[in-house]
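Start from the sequences and build out the full structure, keeping to the hints where you can.
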Amino acid sequence: MNLALHIMRQVANAIGLLFAVLVLNFCLIHAAPGDPAMVIAGEMGGASADVVAALRVKYGLDHSLIEQLFTYLSKVVAGDFGYSYYFNEPVVSLIAQRIPATLYLVVSALVISIGIGTLLGVISARKPNGLFSQAVTVASLAGYAAPVFWTGLMLLLLFGSVWPILPVSGMTDVARPKTGFAHLMDIIQHLILPSVTLASVFVAQYSRLARVNMIDALTADYVRTARAKGLPERVVIGKHALRNTLIPIVTVAGLQFGHLFAGAVLVETVFSWPGMGRLVFDSILRRDYPTLLAVLFFSAVLVMAANIITDLVYRLIDPRVRSMAR
Amino acid sequence: MTAIETSGGPPGASALAPRAAVSPMLAALRQFGRSPSGVIGAVVLLILMLVTVFGPHLYGIDPLDIAGLPFTPPGEDAWLGTDYLGRDILSGLIHGGRATLTVGGVAAAITIIIGVTMGAISGFFGGAIDTALVKVTEFFQILPPLLFAMVLVTLFGQTLTTITVAIGVVSWPTAARLTRAEFLRLRNLDFVKASRAAGAGNLHLILRVVLPNALPPIIVSATLAIGVAILFEGGLSFLGLGDPNTMSWGLMIGQNRNYVLDGWWTVTFPGAAIFVAVLAISLVGDGINDAINPRLRKRD
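Residue numbers (the numbering used here), protein chains in the order written: chain A, 1 to 326; chain B, 327 to 626.
Treat the hints with caution; some may be incorrect.
Only part of the chain B face toward chain A is listed, based on derived beta-carbon distances under 7 Å [stated by the list, open to error]:
id, residue
1, Met375
2, Thr463
3, Phe466
4, Pro470
5, Leu557
6, Gly561
7, Ile600
SDA-like mimics (lysine to any residue), calculated; alpha carbons at most 25 Å apart, straight line [said to hold, decoys possible]:
id, chain 1, residue 1, chain 2, residue 2
8, A, Lys75, B, Phe466
9, B, Lys461, A, Thr310
10, A, Lys127, B, Val602
Keep in mind the hints are simulated off the structure, nothing from the lab. Idealized CB from N, CA, C, for every residue including glycine.
Here it is in structure tokens:
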């Protein structure tokens with residue numbers, strides 16, 4: 001019964017925060033040096049004097065700031081995030097085209113990092129001072145310290161020139177377009193390097209987290225009870241201990257979603273992956289502010305969605321929090 | 327990480343004990359010295375700082391000058407090769423380190439100052455102030471930090487100052503949450519109540535009574551913030567948002583990115599420099615964590 005109410009409260013909270021992001025966007029446009037009309041048009045967007053004059057009228061730049069804020073918000077509510085003069089397209093449709101590619105990348109990186117991270121953490125927790133455990137610790141430090149775009153470039157060097165077995169650029173083989181299943185396999189092949197690169201940063205953190213929590217879990221009473229019941233080790237670890245190990249990982253994964261998204265921007269740039277990150281890069285290069293600000297807004301939407309999903313998954317894994325409202 | 331067992335004693339007890347002759351600072355330093363990885367990290371970091379401070383005087387080539395043919399591979403002509411314009415990579419590393427490490431340090435300081443102020447006020451006063459500040463923190467947390475920094479730098483100009491401030495402004499929520507949690511834990515303890523009863527004002531309580539006791543996790547977080555800021559500087563420069571007039575490690579990678587297949591050395595060395603610096607900083611952070619962990623720490 002509580003769940004629906006809880007989700008509704010979460011969504012209401014999310015809408016409030018997203019509203020605040022819009023206000024921030026508005027403030028940024030006006031706080032940035034230069035004419036807001038030029039900012040909206042984008043410095044290098046090829047906006048002519050007519051376009052700028054039209055924008056001045058459209059956004060009511062001759063009115064008071066409060067009135068302008070309302071104009072801006074009402075436009076956004078109506079789905080109008082402005083027009084990209086560089087891409088010559090409404091910003092919303094630009095973003096809609098790019099979101100799927102980014103989601104493929106982010107979700108596969110998330111799955112890889114949580115999967116491998118947990119696995120490594122769980123294995124190394126069985127012998128916390130063993131060689132494998134030490135190696136995992138070193139590898140996770142390295143994964144954390146290596147800049148993700150550099151890891152990507154190193155993989156690009158390796159698979160681009162030394163050992164060319166994987167595609168290093170784009171999402172599909174443009175020279176040989178495929179359909180159906182072959183098309184899917186093509187995308188998966190292209191996805192391997194970007195998602196592994198992005199995952200490398202997070203594998204580190206999740207394996208450390210899994211290791212610490214697994215070590216804790218393995219000394220807990222309920223694990224001893226499970227063993228005393230005569231359950232096989234596989235069930236003790238895989239079912240009883242793992243569940244409690246996963247809780248903090250899910251929490252951190254939710255909190256990290258923003259970082260994951262930002263990492264995707266860098267990784268997409270390295271591998272020319274046609275997602276939102278690539279769009280960010282292009283709009284930075286062209287000073288295409290409407291696109292940039294809209295991406296900031298939609299990334300906040302994704303982060304909020306991730307937070308709500310995390311909260312639900314958390315409830316799924318940990319029955320204790322089901323009754324508690326946050 | 328292996329925790330080193332010492333006779334830390336229960337908190338508070340040793341404050342009265344006469345053997346408090348060793349200052350807590352020195353005790354922590356000794357403890358730090360027992361962590362091999364922490365010491366290695368500190369030594370590497372020290373070397374990097376010395377190289378960036380004195381290196382430019384010893385290695386005469388200007389990082390922005392054309393020193394040779396483009397894409398000269400590492401060898402006699404240029405130890406670490408030249409980039410797509412023919413600029414010396416080693417010189418770029420030496421000079422660029424100065425900018426990168428400075429941005430890292432200053433941005434981390436901004437992060438910690440904002441974060442600790444927000445967290446301290448939030449945790450100390452509680453109530454409506456806390457609710458409001460938690461909302462603000464939550465707001466900043468839904469904006470992907472690197473992306474937010476990109477927007478700020480794009481809008482306000484690509485100077486080293488903007489970059490530094492932008493990194494500081496986007497990354498404080500972690501420090502704020504941490505500080506808030508510490509203040510919430512500490513604010514109702516007896517020694518704080520005693521100070522308050524003795525007539526201490528809020529400002530005195532926050533700065534002189536609670537904050538010193540909340541410092542250990544904040545120090546660790548500050549150390550790690552330097553590493554994060556260096557990674558952010560690298561990421562921004564990589565996307566072309568570096569200060570084009572100042573050589574930095576990130577800028578080297580960003581400018582040579584498209585030529586990676588023409589000269590592997592152009593991006594490999596600057597990236598390795600960032601990697602080594604961040605690795606050293608996190609080793610130091612871990613070492614400090616072990617050294618001043620509340621369970622092991624002697625109370626002051």
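For each hint, the structure was consulted:
no. : hint                   : in the structure
1   : Met375                 : 17 Å, violated
2   : Thr463                 : 11 Å, violated
3   : Phe466                 : 10 Å, violated
4   : Pro470                 : 4 Å, holds
5   : Leu557                 : 5 Å, holds
6   : Gly561                 : 6 Å, holds
7   : Ile600                 : 5 Å, holds
8   : Lys75(A) to Phe466(B)  : 24 Å, holds
9   : Lys461(B) to Thr310(A) : 19 Å, holds
10  : Lys127(A) to Val602(B) : 28 Å, violated
Checked against the numbered hints listed earlier, the structure breaks hints 1, 2, 3 and 10; every other hint is satisfied.
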